[in-house]
Amino acid sequence: MFKPKRKNKKGGKYSKSKSSSQSNMNLLQKPGMKFFKQCPFSEKNAPIIDYKNVRVIRKYLSESGRILPSRITSVSQKKQRELSKAIKRARILALL
Amino acid sequence: MMNCYEHTLVIKSDLSESDINKLFDKYSDIIKQNSGKIVKTEEWGLRPLSYQIQKSRKAFYYHIKFEGEGKIVNELESIGNIDKSLLRFLTVKVLKHDLEANYFEKKEINNV
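From first to last, the protein sequence lines stand for chains A and B. For the first sequence, the residue numbers in the numbering used here are 1 to 96. For the second sequence, the residue numbers in the numbering used here are 1 to 112.
The set of hints was computed from the structure by calculation and includes no laboratory data. Glycine residues also receive a C-beta, built at the ideal position from the N, C-alpha and C atoms. Check each hint, because a few of them may be wrong.
Said to hold, decoys possible - Cβ pair distances, simulated, as ranges:
(1) B/I82 / A/K37: 43 to 53 Å
(2) B/D29 / A/S76: 34 to 44 Å
(3) A/E43 / B/S16: 23 to 33 Å
(4) B/I82 / A/S76: 33 to 43 Å
(5) A/I92 / B/K55: 16 to 26 Å
(6) B/M1 / A/K37: 40 to 50 Å
(7) A/S62 / B/M1: 39 to 49 Å
(8) B/D25 / A/S62: 37 to 47 Å
(9) A/S74 / B/S13: 37 to 47 Å
(10) B/D98 / A/Q77: 36 to 46 Å
(11) B/T91 / A/I48: 15 to 25 Å
(12) A/E43 / B/E100: 11 to 21 Å
To be verified - Listed next, the in silico DSBU-like pairs over lysine-lysine satisfying Cα-Cα at most 35 Å (straight line):
(13) A/K78 / A/K37
(14) A/K78 / A/K59
(15) B/K93 / A/K78
(16) A/K44 / A/K88
(17) A/K78 / B/K96
(18) A/K88 / B/K32
(19) B/K40 / B/K93
(20) A/K85 / B/K58
(21) B/K37 / B/K26
(22) A/K79 / B/K12
(23) B/K37 / A/K79
(24) B/K65 / B/K55
(25) B/K55 / B/K93
(26) A/K79 / B/K65
(27) B/K84 / B/K65
(28) A/K59 / B/K65
(29) A/K37 / B/K93
(30) A/K85 / B/K12
(31) B/K84 / A/K85
(32) A/K78 / B/K40
(33) B/K84 / B/K71
(34) B/K84 / B/K55
(35) A/K78 / B/K26
(36) B/K71 / A/K78
(37) B/K55 / A/K44
(38) A/K88 / B/K26
(39) B/K22 / B/K65
(40) B/K84 / B/K26
Throw the hints in and build the complete structure from the sequences for me.
Below, the structure written as structure tokens:
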């Protein structure tokens, strides 16, 4: 029987395959910068994600008030969860 | 068990100052009666709402940080649901109170 070769070993670490440089580009990225951008909330002295911190949270909304996907803003998965919760709390209080 | 909570009140803007103080005392009394401890209170002042709530465009914001048991939250919410001078309220459980950050200074209000 034909078995296709496994790219990643079973139980081994999964490594991301490199896609073309075009798809890694960010919409918010400045030209001439590296393709991979770090999460803005994981750096040193990063702003705190909080529903009261309206000035920071507002950057991660589109013009129509929808939450921007993390693939555009390059926020990490954990921080994106916190962020979306903070946005929804701020919406209840009509801060956003 | 003691937990840390943050309670925010959104109050109708057509109330007089003494009414607002009364309302604020009412909610801080609820916390004290249920053996809670108020850590900090913040006044965010009159702020424009980002969308209309019950046909009002502006509202007073009050913020209470307190410690206490979970039954206080039940009490606050059951009374807040009936209260007609409140537009909205929100209770959030936090691990630790941050008493330094002040997100609502006068500059911010002018920008909005």
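Quick one, are A/K44 and A/K88 close enough, alpha carbons at most 35 Å? Given pair A/K44, A/K88 holds - Cα atoms ~26 Å apart, limit 35 Å.
Is it true that the CA of B/K84 sits at most 35 Å from the CA of B/K65? holds (23 Å)
Under the criterion that the straight-line Cα-Cα distance not exceed 35 Å, is the pair B/K37, B/K26 satisfied? Holds. B/K37 to B/K26 sits at ~15 Å (cutoff 35 Å).
Holds or violated: B/K22 to B/K65, with C-alpha atoms at most 35 Å apart: holds (18 Å)
Between the alpha carbons of A/K59 and B/K65, is the straight-line distance 35 Å or under? Status holds; Cα separation ~27 Å.
Has the given pair, A/K79 with B/K12, been kept, meaning a C-alpha gap of at most 35 Å? Since the Cα atoms of A/K79 and B/K12 sit roughly 34 Å apart, the hinted pair holds (cutoff 35 Å).
35 Å limit on alpha-carbon distance, applied to hinted pair A/K85 and B/K12: holds (25 Å)
Given the range 11 to 21 Å, decide if the beta-carbon distance of A/E43 to B/E100 lies inside it. About 20 Å separates the Cβ atoms of A/E43 and B/E100, which means 11 to 21 Å holds.
For the pair supplied as a hint, B/K84 and B/K26, is the alpha-carbon distance within the 35 Å limit? This hinted pair holds, its Cα atoms lying about 14 Å apart.
Keeping to a limit of 35 Å between CA atoms, is the pair of B/K71 and A/K78 held or broken? At roughly 30 Å apart (the allowed maximum being 35 Å), A/K78 and B/K71 satisfy the hint.
Taking 37 to 47 Å as the stated bounds, is the beta-carbon spacing between B/D25 and A/S62 within them? At roughly 41 Å between Cβ atoms, A/S62 and B/D25 fall inside 37 to 47 Å, so the hint holds.
Does the beta carbon distance between B/T91 and A/I48 stay inside 15 to 25 Å, or does it fall outside? Hint holds: Cβ distance 19 Å, inside 15 to 25 Å.
Hints 3, 10, 35, 37 from the list above are not met by this structure, while the remaining hints are.
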